[in-house]
Amino acid sequence: MLKALLLSLSFFLSLTLAAQEKVTVKGTVTDATNGETLIGATIYLKGTTKGTTTNEYGFYSLTVEPGEYVIAAGYLGYQEQSRTETFIGNFTADFELAESGTQLAEIVVTAEEADANVADVQMSVEQLDISQIARLPALLGEVDVLRSIQLLPGVSTVGEGAAGFNVRGGSIDQNLVILDEAPVFNSSHLFGFFSVFNPDAVKGVKLYKGGIPARYGGRLSSILDVRMKEGNSKQFQMDGGIGTIFSRLSVEAPIVKDKSSFLIAGRRSYIDVLAAPFLGDDLAGTSLNFYDLTLKTNYKFSDKDQVFLSGYFGRDNFAPGDQAGFSWGNTTTTLRWNHLFSDKLFSNLTFYYSDYDYAINFGDDPEEDAFDWDASIVNFSAKPEFSYFINPDNVIRFGGQGIYYRFEPANAIAVSDGTEIDISVANQWATETAVFVENEQSIFEGRVKLNYGLRASHFAYLGGRNVYEFGEAPREGLARPLTGAEPSERSETIKDWFNLEPRASVQYQLTETSSLKASYQRTAQYIHLLSNTTASVPLDIWTPSTNNIEPQLADQYAIGYFRNFKSNTYEFGIETYYKDFQNLIDYVDGADLVLNELVEGQIISGKGRAYGAEFQIKKVKGRLNGWINYTLARTELLTPGINKTDWYPSRFDQTHNLNVTGFYEVSDRVTASATFAYITGTPVTLASSGYYQLGYFVPNNEGNGRNNFRIPDYHRLDVSVTLDPKKENADKRWQGQWIFGVYNLYSRRNPITVSGRQDSDIRPILGQAINTESVKLSVVGNFIPSISYNFKFR
Amino acid sequence: MTNSRTLLAICLFGALLSCTDEITLESRFEGSELAVEAWLTNESEPQTIILTESQDYYDNRLPDGVTDAQVVISEVIDSVPTGNLYVFEHQDSGRYVWTPEEGQTLGNVGTTLGLGIQRGEQQYAALTNINRTAIIDSLSFQVEEESLGLDEGIYAQIYARDQVGIGDAYFIRSTINDTLLLRAGELNLAYDATFSPGTNTDGVAFIFPIRFRINKTDDDGGPVALQPGEKVAVEIVGLSQAAYLYLRIVTEQINNGQSGLFDLPVANSPGNIFDVDTQESVLGFFNVAEVARIERIVE
Chain A
1 MLKALLLSLS FFLSLTLAAQ EKVTVKGTVT DATNGETLIG ATIYLKGTTK
51 GTTTNEYGFY SLTVEPGEYV IAAGYLGYQE QSRTETFIGN FTADFELAES
101 GTQLAEIVVT AEEADANVAD VQMSVEQLDI SQIARLPALL GEVDVLRSIQ
151 LLPGVSTVGE GAAGFNVRGG SIDQNLVILD EAPVFNSSHL FGFFSVFNPD
201 AVKGVKLYKG GIPARYGGRL SSILDVRMKE GNSKQFQMDG GIGTIFSRLS
251 VEAPIVKDKS SFLIAGRRSY IDVLAAPFLG DDLAGTSLNF YDLTLKTNYK
301 FSDKDQVFLS GYFGRDNFAP GDQAGFSWGN TTTTLRWNHL FSDKLFSNLT
351 FYYSDYDYAI NFGDDPEEDA FDWDASIVNF SAKPEFSYFI NPDNVIRFGG
401 QGIYYRFEPA NAIAVSDGTE IDISVANQWA TETAVFVENE QSIFEGRVKL
451 NYGLRASHFA YLGGRNVYEF GEAPREGLAR PLTGAEPSER SETIKDWFNL
501 EPRASVQYQL TETSSLKASY QRTAQYIHLL SNTTASVPLD IWTPSTNNIE
551 PQLADQYAIG YFRNFKSNTY EFGIETYYKD FQNLIDYVDG ADLVLNELVE
601 GQIISGKGRA YGAEFQIKKV KGRLNGWINY TLARTELLTP GINKTDWYPS
651 RFDQTHNLNV TGFYEVSDRV TASATFAYIT GTPVTLASSG YYQLGYFVPN
701 NEGNGRNNFR IPDYHRLDVS VTLDPKKENA DKRWQGQWIF GVYNLYSRRN
751 PITVSGRQDS DIRPILGQAI NTESVKLSVV GNFIPSISYN FKFR
Chain B
1 MTNSRTLLAI CLFGALLSCT DEITLESRFE GSELAVEAWL TNESEPQTII
51 LTESQDYYDN RLPDGVTDAQ VVISEVIDSV PTGNLYVFEH QDSGRYVWTP
101 EEGQTLGNVG TTLGLGIQRG EQQYAALTNI NRTAIIDSLS FQVEEESLGL
151 DEGIYAQIYA RDQVGIGDAY FIRSTINDTL LLRAGELNLA YDATFSPGTN
201 TDGVAFIFPI RFRINKTDDD GGPVALQPGE KVAVEIVGLS QAAYLYLRIV
251 TEQINNGQSG LFDLPVANSP GNIFDVDTQE SVLGFFNVAE VARIERIVE
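One line per chain: the protein sequences are A and B, in this order. Counting in the numbering used here, the final residue of the first sequence is number 794, and the numbers go up one at a time with none missing. Counting in the numbering used here, the final residue of the second sequence is number 299, and the numbers go up one at a time with none missing.
It should be emphasised that the hints constitute simulated quantities derived from the structure, not laboratory data. Among the hints, a few may not be true.
What the hints assert, rightly or not - DMTMM-like cross-link-like pairs, simulated, lysine to aspartate or glutamate; straight-line CA separation at most 20 Å:
#1 A:K50 with A:E65
#2 A:K776 with B:D220
#3 A:K644 with B:E101
#4 A:K644 with B:E30
#5 A:K566 with A:D115
#6 A:K776 with B:D56
#7 A:K621 with A:E99
The model shown is predicted, which means the values in this text are computed figures rather than measured ones.
Sequences and hints are given; from them, build the entire structure.
Dropping the structure here:
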């Protein structure tokens, strides 16, 4: 390890020396109207091959030979800007780009430089701009970041209403969803229907499905990086909307013009308000709502220092009547400090706090009979990162991260007949640390680009509660019996792991418009979501790796071919991947995952494999644009004691997943869009036989196969029409927009599960047959029309 | 956790336009297998073991009895059967009965018993201990006010205490006016005094949901109030650890299919009766229990 570090350092130094004598230009690229930084904007010197792109903070640094150059900044959907500069000493060149002004600008289906898909070293990454997400037909007209992600190749979900998403065969806890760097542990409102991200506060999202750079870690399958807007630093701006589910309002304005701004965005659902008059006496006092509040502010102290503070607070409340309540939500706070050590050394230091918690209580009399239960996962982190822009062909990033976790699986008190019973599950603590170094390099005159790096991660499961030991299971697939319990101190490390996670991507430019890419990544995951239902529920808890639960590991190999046609009007890409998982988590039959301190004995460890091919064709310009995404994939698991210890498809295995999305600009004011999805039915396990026992009819799955039946295929068409304000009213301070949509246009009842069940309409009588039936459950059983109104005031 | 999953499902599907359609699936039934129902007590009264054949899950009929078997139970000490043998005679349609002499029982709490079944060439065997039951304090009737999902009326609660010592499991059965409550949602299990192991609860009264689950429920799973004159009878049966796991999975599985998104995967209840040759478990279960009973009429 030390040797590797020394080697990379000496390499680093030699590059530094070679880079002297040159001139560095640095700066930021922002949107001229609101001052928002533009991520991934291109900076290049006209007439040369020298160029770079802006980083996550809109910053760029470019080091070249002295001379006179025309320096240009561009971003798709914005007018290019250029100026002639004499490069003799280091200097700053900031660009404020104006939107291209045409309607088309907003509905371009990519957000970066024109040929990024071909020319970038990064593969398996998807970027969506919020203006693009906003044009997609949406369930109940609610613009949604996570549902949009599910249209992308390689991304799937168990079904409508299911929380989270699956990337290339990974389970939902294998996605690191970060909002301004802070992890969001449950990204859904109303179980899984809406994501917790307020579109008014989001600048854009980037999803890494593979080739994950070394600076990211902690989850096996993907990184979903959600960036919040900074807030308009030029002028006051208010946005809002009235939809079927939510009402939204956001305010952003400069505090000190061009130096400091803020953003406050809130949403609240109003199902309860609408439903209140229809509720009977026993439901009086019912609350049924969800809301979120997003806050952000920043201050630019100098050209070298800028600080960002952002926060998110979201909550779902379900309290049917006044004797029971159930609520859950995330809280995150992020403090970031950008500092420029030199024109070439950019740094960002992030501190964040993130918390997911839920609470359940019921009972009419807290003294006699009551139940109070809450649980949470809390983490604090510090994360320094440095980018060293050596020259246009070489950027080194290095840094680290430290995370401190507190798991509170259950603080639960049951009061039974006046006796208080503490059924809490003791807290757990852990630390996760990582260091990384990553080099982005361009060689052979830019024909080959590389991004290679190494992440070294360490996880320590700390003491503070009983350390449990379990013996061998009596038979495979059954729980392991408890054999020992030892108390431990918080200062002790019960078990720790160290993993090296190499990452590498390479891009080879075949022609001006085509390239080949390949990538490899190893990822390690130390915290796990325990969930054994079809879709994850808010009650599911996170657990650290312990002396009984090994960290999950995955290796992924991917190759791809990319080609653009007709001056980047059409983008084509095909990627194939193979992924190998170790130590995946499964559960013994009848596992009891909540309120159980001995849950570790009910977890079994398995392995998995996922492979597939993803095709993507995009048309990014013109009145008609859109994409066709198709994924052919297989995800299989092998777990001792399950399915006779043979490979079986995962619950979200989908052979075919097709998405066709189109946007058509009917006129200056009117855009129509449609999206169609066709997905192979997911596998479920069904009982085939049954027998009587104690008067009950017990289902039995002969052969004990897992996921041995496929539910019918899924397909759906959604349409929407957006009516923008009239062109001649563009100068007015109030701009209104109408969106009319229909979700599931042809009313298909797509099942999310098929299951057998006992007929509950007849009371079973001992000595009489019990009737069973099979049913399919469709979460959306009909077409759902919607109207929403959005406005902007400035 | 069945309750909270149902609660989730109600909230969710109340909020959106979900729907459930009955469908017909092609039969995937492979063939009938022996199913043994051997839930016995150590009371001095006739004990019945029922042998049937499994059937297609969608057959919607009573099972066929297995009539050609020999069934015995023997006391076992240090893994060796003693001379205490109880022979179960076939009566009708797969019912095998042992009738004790006056005062005779299968043994006391802690006694180990072996079950042996021979059917043709096939032999099956199982072992269990006689399990202790809970201590019943009272069966009470209380008037409850109207609240969520509950009409105003008289409801029963079984006040029973868990035995001291971690790891006691109980099966609580309720009979109202001679109707044994057999709805899936009425299956009532206790582990120590709560629903499941791992809560470090011991030796206290059963928690409220368990005490209350002896009431009759309607088609939607809501409790039905009692009327004056109705008779409520409750029995609490001691369970072995394996029997608890078996019934726990039965409970989850027969209640499954109601909550859709939040259903658990289909799982087979692990039996404790094995084919002597193959060591594979057969369907069904063998448990011998001490039983506590109480009954009372609503005034």
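How the hints compare with the structure:
no. : hint               : in the structure
1   : A:K50 with A:E65   : holds, 10 Å
2   : A:K776 with B:D220 : holds, 19 Å
3   : A:K644 with B:E101 : violated, 46 Å
4   : A:K644 with B:E30  : holds, 17 Å
5   : A:K566 with A:D115 : holds, 11 Å
6   : A:K776 with B:D56  : holds, 19 Å
7   : A:K621 with A:E99  : holds, 15 Å
Taken one by one, the earlier hints fail for this structure only at number 3.
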